[in-house]
Amino acid sequence: MSIKVKNVNYTYAEGTAYEIHALKDINLEIPDGQFIGLIGHTGSGKSTLVQHLNGLVKATSGRIYFNERDIYGENFSMKELRSKVGLVFQYPEHQLFEVDVLSDVCFGPRNLGCSQAEAEKKAREALHMVGLGAEYEKRSPFELSGGQKRRVAIAGVLAMEPQVLILDEPTAGLDPKGRDEILDQIESLQKERGITVVLVSHSMEDVARYVDRIIVMDHGEVRFDGTPKEVFRHYKELEKMGLAAPQMTYLMQGLREKGADVDADATTIEEAADAVEHWLKSK
Amino acid sequence: MVRAEGLTFYYERLDEEGNVESKKRAVDHVDLHIRPGKFIAILGHNGSGKSTLAKHINAILTPAEGTLWVDGMDTKEEEKLWDIRQDAGMVFQNPDNQIIGTVVEEDVGFGPENLGVPTDEIWKRVEESLDAVGMLKYRHHSPNKLSGGQKQRVAIAGVMAMHPRCIVLDEPTAMLDPNGRKSVIQTAQRLNREEGITIILITHYMEEVVEADHVFVMDEGRVVMEGSPRQVFSQVEELKKLRLDVPQATLLAFELQKRGVRLPDGILRNEELVDELCRLKSKM
Ligand SMILES: Nc1ncnc2c1ncn2[C@@H]1O[C@H](COP(=O)(O)OP(=O)(O)OP(=O)(O)O)[C@@H](O)[C@H]1O
Ligand SMILES: Nc1ncnc2c1ncn2[C@@H]1O[C@H](COP(=O)(O)OP(=O)(O)OP(=O)(O)O)[C@@H](O)[C@H]1O
Ligand SMILES: [Mg+2]
Ligand SMILES: [Mg+2]
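Read top to bottom, the protein sequences are chains A and B. Quick note: the first sequence, position 167, residue 197 per our numbering, numbers continuous. Quick note: the second sequence, position 134, residue 142 per our numbering, numbers continuous.
Here chain A stands alone, though its shape is the one from the complex (with noise of 0.2 Å):
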């Protein structure tokens, strides 16, 4: 079981003045159960390509096959496409429609089919997930701040139980303990259920934590793919990308940089925090 993306173009107002070659030949092999970071530039494809990976978005030419099924053949179901790979949006405006927070995240489950009483059981479940108790359920989602908003947006998906679930850029917006704890209870449906996590993320801090695989993205092209820290050994070209690496490769290069002999490849608080540890005692 996996999702298959073969040589996937995707352009913009094609035939226009304003055409813009979104994805160029992209080739992509997501295996069941992975925790994928999805990385690049302002305007560099992510969303785009993540909207393909749930069918939102037809491509220009290319295919996409999942469980080995062609999406784009005559007998494949979008719907069910869209009921197994779940896609929070990155803006969650355009997420939220209903007049109180359960029935937005009852919406979901109901459109599969769930009867009420089940819908709203999951939707709970949901609202729990992302720390919103039972005193948001009745409040209008637009009433909310931001990041309460982006909260409810994600319970929406997460209601579905999807076997993929895409996030782009769920933690923007979210206060530091509020995205702890959501990529934590996100890392532990992955670990228990199995389900494969795409992370589109501008945060280096949370893909070098969370993630076992890392793709690069730049001007619609896939530059690296390889784990966090293969990817960010790269920092200087990540950094003509604009973008960067954690701070704490960073650190580790200032210090090697001074002629301490660290382990220049760690790339989170923990891995760091060994590495200068054992420097100290080092001889």
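Bear in mind the hints are in silico, worked out from the structure with no lab data behind them. Beta carbons are placed, not taken as given, at the ideal position from N, Cα and C, and that holds for glycine. One or more hints might be untrue.
[Unchecked claim] Below, a list of computed lysine-lysine pairs in the DSS-like style, where the Cα atoms sit at most 30 Å apart:
#, chain 1, residue 1, chain 2, residue 2
1, A, Lys-207, A, Lys-151
2, A, Lys-36, B, Lys-153
3, A, Lys-207, B, Lys-63
4, B, Lys-291, A, Lys-288
5, A, Lys-207, B, Lys-190
[What the hints assert, rightly or not] Residues of chain A clear of chain B, computed beta-carbon distances all greater than 10 Å:
#, residue
6, Lys-54
7, Ser-91
8, Glu-98
9, Gly-103
10, Arg-112
11, Lys-114
12, Gly-163
13, Ala-164
Assemble chain B with the ligands onto chain A, guided by the hints.
Quick look at chain B with the ligands alone, frame taken from chain A:
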């Protein structure tokens, strides 16, 4: 520049007959004093009241109780509304919702045009503000072809063209890539340093706060902590209880302290930590 006394605000929900059905206190007896020319940061968990407070500064909202003065003007005085909005500009999180013009320079000119500024003067201001944010060479571009960071800089230029004395930035970098984030923060710092504009920055990125003159921390509508970045970020445990964080260098220093490494409190930057660690090592 901005002074609040007992500032309190409720969001009210009305029922069909227009009676108040429920009331939610979003800002709770806030007192603060922001001097002209300062770079201020406001931190706080989701729903702690930051945006609500910010919207009082350019009189989008007015206090239910207490008073807020901008440059000595009480925001409740309706006849002062335009003076206040001109004095205190606002930039929001999402770059796409703020840009209205089809050409960059036109967009930046909207504000002064609305204020009735004469045409020659408008062009002068457009040029100056685009130059100040480093976007002059994009003046003839279409805003929707710009990157997120570039759009945010255009939004800042639009506010600047109104010649405000104060700019409130409400999570201006939340949607930006690392480069865009850097360019917006550096732009705000430069406007503060070179033009003396008061900056009030609301953010969830602790790294962006390190260079501020003063930090306010909000919780449940109240200001619960304030001080220099060094004072505030020395309180790692308290900040964590308030759902916040500290810069990465501070966090690593804290982690190393827990493991018995003898580092001083209040380290904020990578360079400081590197120096402290090298000093420790040389003494071993
Ligand atoms: N609806 C649209 N119409 C025309 N062009 C678009 C549209 N959406 C995106 N684009 C363009 O396609 C390219 C890729 O955009 P996309 O939104 O996929 O980038 P992104 O990597 O998600 O950026 P960000 O980090 O800012 O969210 C950009 O040049 C963008 O301007
Ligand atoms: N339009 C509204 N109607 C009713 N309540 C609102 C409205 N906007 C915000 N609130 C509530 O007021 C409180 C303060 O919200 P505010 O937007 O000021 O928070 P914030 O600190 O800016 O949060 P965030 O970090 O999520 O942007 C929250 O509890 C929120 O739910
Ligand atoms: Mg995007
Ligand atoms: Mg806010």
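Taking 30 Å as the top limit, are the C-alpha atoms of Lys-207(A) and Lys-151(A) close enough? 26 Å, holds
Since Gly-163(A) was said not to touch the interface, does its Cβ keep a gap of more than 10 Å from each Cβ of chain B? 12 Å, holds
Is it true that the CA of Lys-207(A) sits at most 30 Å from the CA of Lys-190(B)? 23 Å, holds
Least C-beta distance from Lys-54(A) to chain B larger than 10 Å: It holds; Lys-54(A) is separated from chain B by about 18 Å at its closest Cβ, greater than 10 Å.
Taking the minimum C-beta separation from Ala-164(A) to chain B, is that value above 10 Å? 15 Å, holds
Would you say Glu-98(A) is clear of chain B, with no C-beta pair closer than or equal to 10 Å? 35 Å, holds
Starting from Lys-207(A), check that the Cα of Lys-63(B) is at most 30 Å away, please. 24 Å, holds
Classify the label on Lys-114(A) as holds or violated, using whether its beta-carbon is more than 10 Å from each beta-carbon of chain B. It holds; Lys-114(A) is separated from chain B by about 28 Å at its closest Cβ, greater than 10 Å.
Minimum C-beta separation from Ser-91(A) to chain B exceeding 10 Å: can you confirm that? Answer for Ser-91(A): holds, closest chain B Cβ roughly 24 Å.
Hint consistency between Lys-36(A) and Lys-153(B) [alpha-carbon to alpha-carbon, up to 30 Å]: Distance of about 28 Å is within 30 Å: holds.
Report holds if the minimum CB distance from Gly-103(A) to chain B is greater than 10 Å, and violated otherwise. Per Cβ check, Gly-103(A) is outside 10 Å of chain B; nearest 35 Å; holds.
Between Lys-291(B) and Lys-288(A), is the straight-line Cα distance small enough, at 30 Å or below? Cα-Cα ~15 Å, so holds.
The structure is consistent with each of the numbered hints, conforming to all of them.
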